[in-house]
Amino acid sequence: MGFLDRMSTVVQARMEKIMGRMEDPRETLDLSYEKQLKLLQDVKRGVAEVTTSKKRMEMQKAKLQMNLDKLDSQAKDALQAGREDLARKALENKSALQGQMQTLDQQIADLVEQQQKLVAAESRLATKVESFRTKKESIKAQYSAAEAQVRITESVTGISEEMADVGMAVQKAEEKTENMKARSAALDDLLEAGTITDYSGGDELGREIAQAKAKSSVDDDLARMKAEMNIQIKELK
Amino acid sequence: MIIRILGIGQFRLDDQHIDSLNKIDNKIVEQVSKGKEKEFRKSLAKIISMIQEKGEPIDPAEIFPSDIIVPPADMTLEEAKKVFSGDGLIKG
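Chains A and B supply the protein sequences, listed in that same order.
Residues are numbered in my numbering as their position in the first sequence, beginning at 1, plus a constant of 178.
Residues are numbered in my numbering as their position in the second sequence, beginning at 1, plus a constant of 20.
Pulled out of the complex, with its shape left as it was, chain B reads as follows (with noise of 0.2 angstroms):
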């Protein structure tokens, strides 16, 4: 599977690790709902540096789209709420 992390670059991930993936992302759903922004920022780099550590970095020169998205490490407690509101995280 594909991974990019915003602002980092795209990774290919085994599918192995899709279950401790969705763990974190559930974990995630929770503390935004919740407001935690503590904890929201630890699941963030988590997921970001299981990623890196698991996962084979692509070469910037290939091309192809991205199975899995994971927003840039500081992203903040409001912006991650905007993503859930449906706002668009970003205008334009």
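The following block holds chain A by itself, in its conformation from the complex (with noise of 0.2 angstroms):
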């Protein structure tokens, strides 16, 4: 048996369930109905929660920029006090924050496509129903019960292929929504502990840096001071 083959068993028996078990032909008309409206409802609840998603990685995305840009300038810092070792650590720090950084933009660059392919089901699905909506009035309207029997499974079925194919990209986009909720939680817990860098002491290294650069600041004031007073003792003699 054939790939595609074997994907359309897989099809069909979601779309069976989709269905259930068609007994009254004018009943199933409107149960279908009533499931397509609610399926309707449910992409967009997954568009909501794709956008909304994808606005917190956004927002993830500048506290790593921030953390990555403090990051940079303590380096710095930590250079001009004449601790190098100090500046490695810090650039050792922004270099484990680039990687999580990369990993970020393709999270959301995922999770953008998501959005694109939910919306675009979206409005498949709303023209589809819409016309359901038409042809099951006029089936009910215009045929006997025999006659619409044919029209009616034939409907059916293709609007229910139609809403196996949609549930299945909202089922996706839900499972990657899931994924990237726990991988986030994951980042924002390493924003938290420790690479957040302070000078007002928040973190250690950054601890460090303050002391430091403030060590640094009172050698310097030291010299100028000594420099100055070596000036008037000279002056005096």
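It should be emphasised that the hints constitute simulated quantities derived from the structure, not laboratory data.
All figures in this text were calculated on a predicted structure; none of them were measured in a lab.
Any given hint could turn out to be false.
Partial selection, computed: residues in chain A whose CB lies under 10 angstroms from chain B [claimed, not checked]:
(1) D183
(2) V188
(3) V189
(4) G198
(5) M200
(6) E308
(7) S309
(8) K313
(9) E332
(10) T335
(11) I337
(12) V344
Anything over 10 angstroms on all C-beta distances counts as not near chain B; from chain A, calculated [unchecked claim]:
(13) R204
(14) K272
(15) E386
All residues carry an ideal CB built from backbone N, CA and C; glycine is no exception.
Each of the two chains sits in its own frame; use the hints to bring them together as a complex.
Here it is in structure tokens:
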């Protein structure tokens, strides 16, 4: 059995679940229509979820960028204070965060793609649902039960296939956003736990660099004062 | 013949293309069973672009079932294996 045949079987199994048993043809039409409206709501919710998830990641990205900038300026401060060891540490932290940045960019791109897919799916489904609604009324009005059966089967099967398709897309998007929620929580922890650098003494490296910077400015002041005093002493002589 | 590419929509494809479709389909069977991810993705992309190029897109307002269903281009090898193993691609 070919791959495409298998794929059809998978989709058909899903369609059968959507369709349920078609006993009373007219009732089947209304029932299917209700399910279509519900699925449309699900897709809309899916789009909203992906959008929220994307926004959250964009905020994380901004936060991460702030951390990168901060580490960069700390490395400069440390170098100016003559502490290459601390500058190296800051740059090491920076490089670790840069890796996270790349992952985050990839995830955001992935969410944008999911978002576009769901929006397209929503629009296709909405068009079909509207067309189904018209069709169902005309089938009910024009045909005898026996004639209607054929047409009902065709439209219900056709729309159920679309629903299976859209349902799969919604599910995939949900799985992706779920996955990303977990990863983004992990990144939040990482950002909170130590890589957030702060001159006020929020982390050890930041504190050390601040101390080195303070020490170097004290040294500078001392040197300057000594120089001034030397001049004064020389002048006195 | 009517073909649905999941996530994209339905196309009407002339029956003369069935042979080429079958050829790629057979390749996919082999690639999935041997776990060749790269080749599998290539074949899948080939089927999809072939249908899009040779087929006529069907108006979304039309409602009818398809003869063939093609998975979405982003299907992974793992997902493809599930299609074969019969667990169903996706629960629900």
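Against the structure, the hints:
1. D183: holds, 8 angstroms
2. V188: Holds: closest Cβ of chain B sits about 5 angstroms from V188 (chain A), inside 10 angstroms.
3. V189: holds, 5 angstroms
4. G198: violated, 14 angstroms
5. M200: Since the shortest Cβ distance to chain B is 14 angstroms, the answer is violated.
6. E308: With a closest approach of 7 angstroms, the E308 (chain A) hint holds.
7. S309: Check passed: Cβ of S309 (chain A) comes within 4 angstroms of chain B, closer than 10 angstroms.
8. K313: Since the shortest Cβ distance to chain B is 7 angstroms, the answer is holds.
9. E332: holds, 6 angstroms
10. T335: holds, 4 angstroms
11. I337: At about 5 angstroms, which falls below the 10 angstroms cut-off, the nearest Cβ of chain B leaves the hint on I337 (chain A) intact, so it holds.
12. V344: holds, 9 angstroms
13. R204: holds, 17 angstroms
14. K272: holds, 33 angstroms
15. E386: Per Cβ check, E386 (chain A) is outside 10 angstroms of chain B; nearest 46 angstroms; holds.
This entry does not satisfy hints 4 and 5, going by the numbered hints stated previously.
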